[in-house]
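Visitor: Sequence:
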Amino acid sequence: MYSESPSVLGTAMMFKLVYINNTKEFLVMNKQRKMACIILFSLIVSIFSFINVSADVSTLRIGDEIGNVLNTDIKTFINGHRIPSYNINNRSAVLIKDLVNYGFNSVYNDQTRTSSVTFNPSKRVTPLTDFDETTGLVGTVAFRYVYTDIVAFVNGNRVESFNIKGNLAIFFADLRDYGTFSWSESTRESRFTSSKPVTGLTLSRTAVTMRVNDSAVRLTATIAPADATNKSVTWSSSNPNVARVSDGNITAIAPGTAVITATSSNGITATCTVTVNPATVAVTGVTLNRETAALTVGEVFTLTATIAPVDATDKTLTWTSSHPRIASVSDGVVTAIAAGTATITVTSSSRNIVARCTVTVQPAIPDVTNITLDRTTLTIALNGWAQLTPTITPSTAANVALTWTSSNNNVATVQNGYILAVSAGTTTIKVTAPNGRFAECTVTVSAASAITNITLPSTATVGLNQGVELIPTILPATATTNPNLTWTSSNQNIAVVYNGYVVGIALGTATITVEAPNGVKATCTVTVTAASAITSITLDKTTATLEMGQGTQLTPTILPATAATNPNLTWSSSNNSVAIVQNGYVVGLTAGTATITVTAPNGIKATCTVTVTATGTSGVTISPSSSTVTVGGFTILTATVTSTTATTTGLVWSSSNTAIATVSGLDFNNLTGFVQGHTQGTVIITLSTATGVVLATATVTVTP
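For the sequence shown, the positions run 1344 to 2047 when our numbering is used.
Honestly, I wouldn't trust all of these hints.
As the list claims (entries may be wrong) - Cut-off 25 Å, straight-line C-alpha distance, at most; resulting in silico cross-link-like pairs (DSS-like, lysine-lysine):
1) Lys-1418 x Lys-1508
2) Lys-1539 x Lys-1574
3) Lys-1508 x Lys-1440
4) Lys-1466 x Lys-1539
5) Lys-1466 x Lys-1418
6) Lys-1466 x Lys-1574
7) Lys-1884 x Lys-1948
8) Lys-1574 x Lys-1418
9) Lys-1466 x Lys-1440
10) Lys-1440 x Lys-1539
11) Lys-1440 x Lys-1418
Just so you know, these hints were derived from the structure itself, not from any lab.
Starting from the given sequences, assemble the full structure and let the hints guide the process.
Guide: Here it is in structure tokens:
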């Protein structure tokens, strides 16, 4: 039902008539009973007797009178401005030509005989002041309206039209698409107020990136014009499984893309593209590959930061230096500027988790002015080795990185001054400082003397499933240092041998033979005995105190004496962060206490309580920290001094098990260690001071 002025007959009756659905039907809305209904029905019949509309329009001619225009006291208004109106069939009607003065456009098409009315909110209003009104008794006939073939449209919808005094008229209520009606009984006025349509719609954001489980993002819709009548907006999502929207609030559901659309009451739209990424994974930790670093002025090194977990969402890091004039940092690259100490801090942008590295900058090492070698000529036997020792001037430049080269690696190779003879001939060994200063030595490799004699221990005893190494003695001394010796066992069911290492397989006796390439041989009679079960193990120390970085050897005593010579003992530490142990050699790592336990295969144990104090600082590292060599092979370990306060004189290299591998110093300051493998196993190589303080350790594994 829409608002319109009621029938003029409403003032003379005790009941009310309401017009419904733009039809000519009336509903009695009073409390009178049967008599009122009869009166109403009679009245309707009398009204329709005045209407002279032919049922067959085709018989009508333009200008034929077809109905009555009644006198009325009802006044009509459009947006507060009065417009002339007429009563047709108890409904208010207005002329289309008059609507043009009240913000409406009218277009007439003579070919189609149509007149179209639309509302133009921006059109200037010029209300009429000269009214052609009916003045007779309300409800009586004022004049007749005539038939017309012109069809009227309002907002594109066909409506009833009438010819009143030569002008096309429509019902006032047919303007309903453009606004609302109100009726005042007291003033007998019907008012139409036009709606201001929405002409534009914008959103506060056109693109949004969210993560699953993020707080909702609020979109704000702005309507133009600001005084539009209906500012209601409906919201929708193209993919609610990715992002949902309610009253502009976007909720991220799952990874993907969705388009959020806002729609005005008259269908104008605006969109925002929402990209939903997986849920945020928070940073839980940041670590650096170094906690301390020692540099010289001008040196550059890179700190590497590791973020946990690896799938953290925001991996952005910020690098800062506590003293940029000592050490600066950019994206982990640290540059030493001046002598002093600075703390490099890396901070995650997520949750501000930090990690730090203390950088100590030493004055720049003076440049090398001269290099000499302890020998300028050298003769080495084939497969032999020798060491060249450089002297650097000034002595304060002794820790510069020297480069060693051989002019002919097919004759001899060199590493850190250690020369290995490969084949007979001559080569030049050259050592070069970073600034180009160098020294040379001419090396001649002579053919080795033929082996004339090999000796082995005449007898050896080994326990069942145990091993023993046979070391041959080769003469003359000028013979090949590492000849290709062949080892055999007369009975591999009793004992097997590999590169001199004999393992007992079963009880009995076997003859082990070693033979040089030229046929010179030596033999050893090996007896495999049944080892007694271990009944007791004791250690030479039950307690030990070490400084951080210091080491000590624990020696087990096994009873009875007839027990296995080399039982498979297992060594363990109760706290590997405090002290580690390998083959009985213990190294203190951090302050604290750890129990070192040695266990025989049958479960017999012995322990030693090791206390590590926090007083040891070496300033020395060994590279590589772990390496692998084969039996009879070698590797070079290099010690690097990272602190000016570190001990660099009287250094001693040692092995935790010389049967597996031995080590000896090579260069003039003993910072290079030559490790040679003897039997299969693993050892800890230690660099210590003359007083036994461990400066650094490395692990070497000997393989077949």
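Visitor: Hint by hint, which ones does this structure get wrong, listed from lowest number up?
Guide: Number 8 only.
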